[in-house]
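Here the protein sequences line up with chains A and B, keeping their order. Counting from 1, one number per residue, gives the positions in the first sequence under the UniProt record's numbering. Counting from 1, one number per residue, gives the positions in the second sequence under the UniProt record's numbering.
Source of the hints: derived by calculation from the structure; they are not laboratory data. Just to be clear, a hint being listed does not mean it is correct.
No copy labels: a pair is met if it fits in one copy or bridges any two.
[As the list claims (entries may be wrong)] With a straight-line cut-off of 20 Å between C-alpha atoms, the simulated SDA-like cross-links for lysine to any residue are: (1) K180 to R138; (2) K294 to A43; (3) K201 to E173; (4) K257 to A109; (5) K257 to S108.
From a predicted model like this one, the values you see are computed outputs, not experimental measurements.
If you want the building blocks of each chain, they are given just below.
Number of protein chains: 2
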Amino acid sequence: MEKSPGSRPFPEITYCNLGNPQALGQRPITFFREVLSLCDNPALLHRDETRMLFSPCAINRARKIIESMPGRNSGAYTNSQINLSMQILIRSQEDGILCPLPEYPLYSASIILHGGTMVPYNLSEDGDWGLEIFEVKRCLEEARIAGLTVRAMVIINPGNPTGQVLSITNQEEIVEFCRKEGLVMLADEVYQDNVYVEDKKFHSFKKVARSLGYDENDISIVSFHSVSMGFSGECGRRGGYMEICGFGDDVMGEIRKVASVTLCPNTSGQILTSLAMDPPKLGDGCFEDFMAEKEDIRLSLAKRAKTLASAFSSLEGMTCNKVEGAIYAFPRIHLPAAAIKAAKAEGMSPDMFYACRLLNATGIAVVPGSGFHQVSGRNKATGTWHIRCTILPGEDKIKAMIPRLKEFHESFMNEFRNRS
Amino acid sequence: MEKSPGSRPFPEITYCNLGNPQALGQRPITFFREVLSLCDNPALLHRDETRMLFSPCAINRARKIIESMPGRNSGAYTNSQINLSMQILIRSQEDGILCPLPEYPLYSASIILHGGTMVPYNLSEDGDWGLEIFEVKRCLEEARIAGLTVRAMVIINPGNPTGQVLSITNQEEIVEFCRKEGLVMLADEVYQDNVYVEDKKFHSFKKVARSLGYDENDISIVSFHSVSMGFSGECGRRGGYMEICGFGDDVMGEIRKVASVTLCPNTSGQILTSLAMDPPKLGDGCFEDFMAEKEDIRLSLAKRAKTLASAFSSLEGMTCNKVEGAIYAFPRIHLPAAAIKAAKAEGMSPDMFYACRLLNATGIAVVPGSGFHQVSGRNKATGTWHIRCTILPGEDKIKAMIPRLKEFHESFMNEFRNRS
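Excised from the complex, chain A in its bound form (with noise of 0.2 Å):
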């Protein structure tokens, strides 16, 4: 980029290439940060002021808080908590972990950096992001024939970067699948709070498991989740945790000392995850406040993702499957073969060449879905080109991407379409 402001066609950059709420303008739960606040300052608990400034629930949450901590203090060390997965199951090279295409590259990076091998399989972009058991079950035997021992696979519910949201019924069929195998299910279940669809719940994949019958003893399931996303969107936070069920006390034991090794999670994060697990409650007195602005949140982003799959799907060449769920559209272009070639000639992919167009023109940042290794596919005569694009910029500032959005893409499919 040039370093001289004002010499690009626009005002500001809008980040869609990050799910990273607040710094798009999403506000955080009142309750949480008044909570956080006075644990930070617990001197405030006892000035008369405070009462004009912060709600009674929070007070008294804060109060309850810090009486249950060591020193009566949220800078001490606090118990060590379960912060790893890859770690524990990984031996070595010949150890493979399921993971989908479109992938999140964490689970790729983190796979690499624990000297394990990534098995991948694909979404089935016709059928809305969906998982076909059959797919899964291809890449497993293919990876065994490779001398690989499979011992685990990630699912990701809902969606990321795909924003889909398994049915239940493609739930079960998973639930039977892995445990069948043999496999440790891996649930990324951090999207749970973002559903948008009326025709589609969230179901977490341990209560799938238990609805079939299948205790501890039958299926391992590790379910992640975090105060990043949701509602809250405190991604700076750094708070979470992943439940493990079905593991033996020696593993259990392993986990804990390894976890150990880098002391406690952030006491903030803590605070945070600890609200959103026991957040207010009817009777309470915020508890109208806090269901308001949950609800607003997710009304505002299910609006939101509507108007964004329609205004991809509108374009011509592209197509953008229903955002259920998650904070991401995933559209594919159909780019000109003109385009594809030019990208070439700069050494580009396709979607990477499109979004830095994009970018160059509006100022809005998308990822390329190569970057998710899309096009990678491995059963896929060719590549298919995607671009990621969060739904988190403010609906009016969305309202005022989609016609520069729209105004780019007809330039851009008219400056490749006809040349050769």
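We have chain A; now place chain B onto it with these hints.
Positioned in the frame of chain A, the structure of chain B alone reads:
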């Protein structure tokens, strides 16, 4: 421990086993916590009542921080920072890292987890826990003969668990040694604000190297610091940094890439780190209060260090080096033969046996020296026995602790002195 409360001859446990200042009553620095509290709840910045509860200094700083943050909020992802080193240095089991004995066990744990080999060198108890270059050289040569590639040397200054502050002459020798042998210096300097003796000062290894005329081309140094210790004692906030000097751009690029896999560190920790690095200055409204709090903490710790070390030294069969820095006393215990025999009969190391007896009789929790692998010093004909005891309990608590310690020790020695 029994489950029935009141069944022990002490009212509560005194946790001298962990360097956890705020759990033992150290109060956090007011300025730091006011800023954190405001950053958590920036709505306070627009309220009049806030001026009655917070210093103008803290209000100004919080405003600056919030304005510099993505989305003007402390919940967004920020830039990824650096938080790793063993991962970068260790390629295989043939890679060795020199570490001091007695050791801080997270170093050996981290080396093991990353698949490398720890190469221990002994600190000299008779030389005030100083570092003797001929001993380090002996260990380096032995490791090389055994086929290891030694890549780096860990130096902890001020020392943990040993509490020494290295002399500048000693530091110069270490720099010369690492430069000559091509070792990366891993300088654990987290206790740099915890120095209690008049005749010694903290000098960073970077400064010592530069004063000898060595620049980035001559020697590679990584210095670690954190907000956990020093006067802030904010362990639970997980804020810290490493400064990396003398590595090429290619290595720095890889370090940033690996760091980014864990996304950004938590914002509270980052805010605290920024405050500790850029504290109130002369002329700022809160400068004098800030300096007074800081110096109060240091002076009080200095007093406690002296009191505890001389209490230990006054006991039969115990010798304790001066606690020059950090937050631990590491006295040596010369145990009667019968006590060592009794420990063996219970399948414990003698220092663990002593520490358990101490805990059960008095509620004082310390860590046996064998937890720091002190006993395995290779050039020692017989093991030596130690305990590590933090100096963190408040002055009153330490005063109350000492008679209980003395009484226990006398009765322990009486029990075992004349047994065969």
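A quick look at each hint next to the structure:
1. Proximity of K180 and R138 under a CA criterion of 20 Å is satisfied intra-copy only: 15 Å inside one chain copy versus 56 Å between copies.
2. Taking identical chains as interchangeable, the C-alpha atoms of K294 and A43 lie at most 20 Å apart only when they sit on different chains, with a minimum of 18 Å there against 29 Å within one chain.
3. Only within a single protomer do K201 and E173 lie at most 20 Å apart by alpha-carbon distance; the minimum there is 17 Å, versus 66 Å between protomers.
4. Taking identical chains as interchangeable, the C-alpha atoms of K257 and A109 lie at most 20 Å apart only when they sit on different chains, with a minimum of 10 Å there against 23 Å within one chain.
5. With identical chains, the CA atoms of K257 and S108 are at most 20 Å apart between copies only, with a shortest distance of 13 Å across copies and 24 Å within one.
Of the hints listed earlier, there is not a single one the structure fails to meet.
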